[in-house]
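Enquirer: These are the residues of each chain, in order.
Protein chains: 2
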Amino acid sequence: MQNAGLLKELIQSLCCLPGVGPKSAQRMAFHLLQRNRDGGRQLSLVLAQAMDKIGYCRDCRTLTETEVCEICANRLREDDLLCVVESAADVWVIDQATSFKGKYFVLHGRLSPLDGIGPDELGIDKLEQRLAGGAIKEIILATNSTIEGQATAHFIGEIANKFNIRATRIAHGVPMGGELEFIDSGTLAHAFAGRREV
Amino acid sequence: MQNAGLLKELIQSLCCLPGVGPKSAQRMAFHLLQRNRDGGRQLSLVLAQAMDKIGYCRDCRTLTETEVCEICANRLREDDLLCVVESAADVWVIDQATSFKGKYFVLHGRLSPLDGIGPDELGIDKLEQRLAGGAIKEIILATNSTIEGQATAHFIGEIANKFNIRATRIAHGVPMGGELEFIDSGTLAHAFAGRREV
Ligand SMILES: [Zn+2]
Ligand SMILES: [Zn+2]
Numbered sequence: 001m002q003n004a005g006l007l008k009e010l011i012q013s014l015c016c017l018p019g020v021g022p023k024s025a026q027r028m029a030f031h032l033l034q035r036n037r038d039g040g041r042q043l044s045l046v047l048a049q050a051m052d053k054i055g056y057c058r059d060c061r062t063l064t065e066t067e068v069c070e071i072c073a074n075r076l077r078e079d080d081l082l083c084v085v086e087s088a089a090d091v092w093v094i095d096q097a098t099s100f101k102g103k104y105f106v107l108h109g110r111l112s113p114l115d116g117i118g119p120d121e122l123g124i125d126k127l128e129q130r131l132a133g134g135a136i137k138e139i140i141l142a143t144n145s146t147i148e149g150q151a152t153a154h155f156i157g158e159i160a161n162k163f164n165i166r167a168t169r170i171a172h173g174v175p176m177g178g179e180l181e182f183i184d185s186g187t188l189a190h191a192f193a194g195r196r197e198v
Numbered sequence: 001m002q003n004a005g006l007l008k009e010l011i012q013s014l015c016c017l018p019g020v021g022p023k024s025a026q027r028m029a030f031h032l033l034q035r036n037r038d039g040g041r042q043l044s045l046v047l048a049q050a051m052d053k054i055g056y057c058r059d060c061r062t063l064t065e066t067e068v069c070e071i072c073a074n075r076l077r078e079d080d081l082l083c084v085v086e087s088a089a090d091v092w093v094i095d096q097a098t099s100f101k102g103k104y105f106v107l108h109g110r111l112s113p114l115d116g117i118g119p120d121e122l123g124i125d126k127l128e129q130r131l132a133g134g135a136i137k138e139i140i141l142a143t144n145s146t147i148e149g150q151a152t153a154h155f156i157g158e159i160a161n162k163f164n165i166r167a168t169r170i171a172h173g174v175p176m177g178g179e180l181e182f183i184d185s186g187t188l189a190h191a192f193a194g195r196r197e198v
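Here the protein sequences come in this chain order: A and B. full-length UniProt numbering numbers the first residue of the first sequence as 1 and each following residue consecutively. full-length UniProt numbering numbers the first residue of the second sequence as 1 and each following residue consecutively.
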């Protein structure tokens, strides 16, 4: 084996990226070394900064390098709509895909008693403080449609009821443009149960 | 859009990796930030070191952090067999896939007059010096089986003839138009065993 040292280390380190196996890592390492060293240096720099400086928003717990994230600090966004999601990635996805202009709350997980993840781990106390504040009129439960995600949505919905705040759940069903024969049976059953008058 | 700063920069920087688009870059960034900051820091460190410290071997021109690479410095490898390849990645791939125990010479490209790539750019003068040294009995032409790779092999074969050195070309199993880097190891081993005089 050649260049056992640094080159091998680089290939191994690239494998820490999700979806990157030894073959892709090898291709990435050679690509950077032979064709884009400036890109590699830039990535190294941004990576170090991001790992050290990006923390969690004081108000919504999403990833941010400032004490309060841009969305929470944005006075143009509606204060009476709060969307609850499982992860910071969901905030990013929803904000890119939808026209939602309210605020978010990030759980960083879902209720999972077997894994020792309860209300404390999900910041439910902080969420209750916000609901108690009185500004929020509707809470949108956008947790995943897994069993645990559903249970988490139900749990938070109950809390919202306690504060007399409307709780809604994002609609689940057949994706737009999706062909019925390729949809899994659980989704299809859900789509049938949730059918509406047209 | 949230967190316009560092998070967005990180996602953009990850796009410099081959095969990584905005969607994968997004997934990678969130994965590192939420689940593996130590891995991200380690990658940053190794990346910076690799970009700065990995250079080219004095003798064979492959990527290495030392003046002479491990293969060239290895006294157990045969000095009379020289395998000529287009890229340092090919050295890596051949050394993993085959039982070849000779030495290498890396062209870092192929003859391509339209792109201004001639013998000078490929280090042919250095290759001729090695052939003139007298130790080499056979040169294995393992350039890609593209038209330019074939032409490059032919060109170097002629030089070998001038020095009365046997020149062989890897053959069986490498698909026409295929790049070595992406060939499975079995095919590559077969191609080595089935090499022919050119
Ligand atoms: Zn926030
Ligand atoms: Zn070398």
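Careful: at least some of the hints might be erroneous.
Pairs count within a copy or across copies, as identical chains cannot be separated in the list.
In silico DSS-like cross-links for lysine-lysine, where the CA-CA straight-line distance does not exceed 27 Å [stated by the list, open to error]: (1) K101 with K8; (2) K53 with K23; (3) K53 with K126; (4) K8 with K162; (5) K23 with K137; (6) K23 with K101; (7) K126 with K23; (8) K162 with K23; (9) K137 with K162; (10) K137 with K101; (11) K137 with K53; (12) K53 with K162; (13) K8 with K137.
Simulated from the structure, these hints should not be mistaken for lab results. In this text the structure is predicted, and so the values were computed from the model without any measurement.
Enquirer: Taking the hints in turn, state whether each one holds.
Expert: Going through the hints against the structure:
1. Within a single copy, K101 and K8 get their C-alpha atoms only as close as 47 Å, which misses the 27 Å cut-off; across copies the closest is 20 Å, which meets it.
2. Only between protomers do K53 and K23 lie at most 27 Å apart by alpha-carbon distance; the minimum there is 23 Å, versus 31 Å within a single protomer.
3. For the identical chains of this complex, K53 and K126 are intra-copy neighbours only, at 23 Å inside a copy versus 48 Å across copies, given an alpha-carbon limit of 27 Å.
4. Within a single copy, K8 and K162 get their C-alpha atoms no closer than 57 Å, and across copies no closer than 38 Å, so neither meets the 27 Å cut-off.
5. In this assembly of identical chains, the alpha carbons of K23 and K137 never lie at most 27 Å apart, being 51 Å within a copy and 33 Å across copies at closest.
6. For the homomeric pair K23 and K101, the shortest alpha-carbon distance between copies (22 Å) is at most 27 Å, but the shortest distance inside one copy (42 Å) is not.
7. Taking the closest pair of Cα atoms, K126 and K23 never come within 27 Å of each other, the shortest separation being 44 Å inside a single copy and 31 Å across copies.
8. When the C-alpha separation of K162 and K23 is checked against a cutoff of 27 Å, the pair qualifies neither within a copy, at 53 Å, nor between copies, at 39 Å.
9. Within a single copy, K137 and K162 get their C-alpha atoms as close as 13 Å, which meets the 27 Å cut-off; across copies the closest is 86 Å, which misses it.
10. Only within a single protomer do K137 and K101 lie at most 27 Å apart by alpha-carbon distance; the minimum there is 14 Å, versus 73 Å between protomers.
11. Taking identical chains as interchangeable, the C-alpha atoms of K137 and K53 are never at most 27 Å apart, the minima being 33 Å within one chain and 58 Å between chains.
12. For the identical chains of this complex, K53 and K162 are neighbours neither inside a copy (37 Å) nor across copies (61 Å), given an alpha-carbon limit of 27 Å.
13. Proximity of K8 and K137 under a CA criterion of 27 Å is satisfied in neither setting, with 55 Å inside one chain copy and 31 Å between copies.
In summary, the structure is inconsistent with hints 4, 5, 7, 8, 11, 12 and 13 from the numbered list given earlier, while agreeing with the others.
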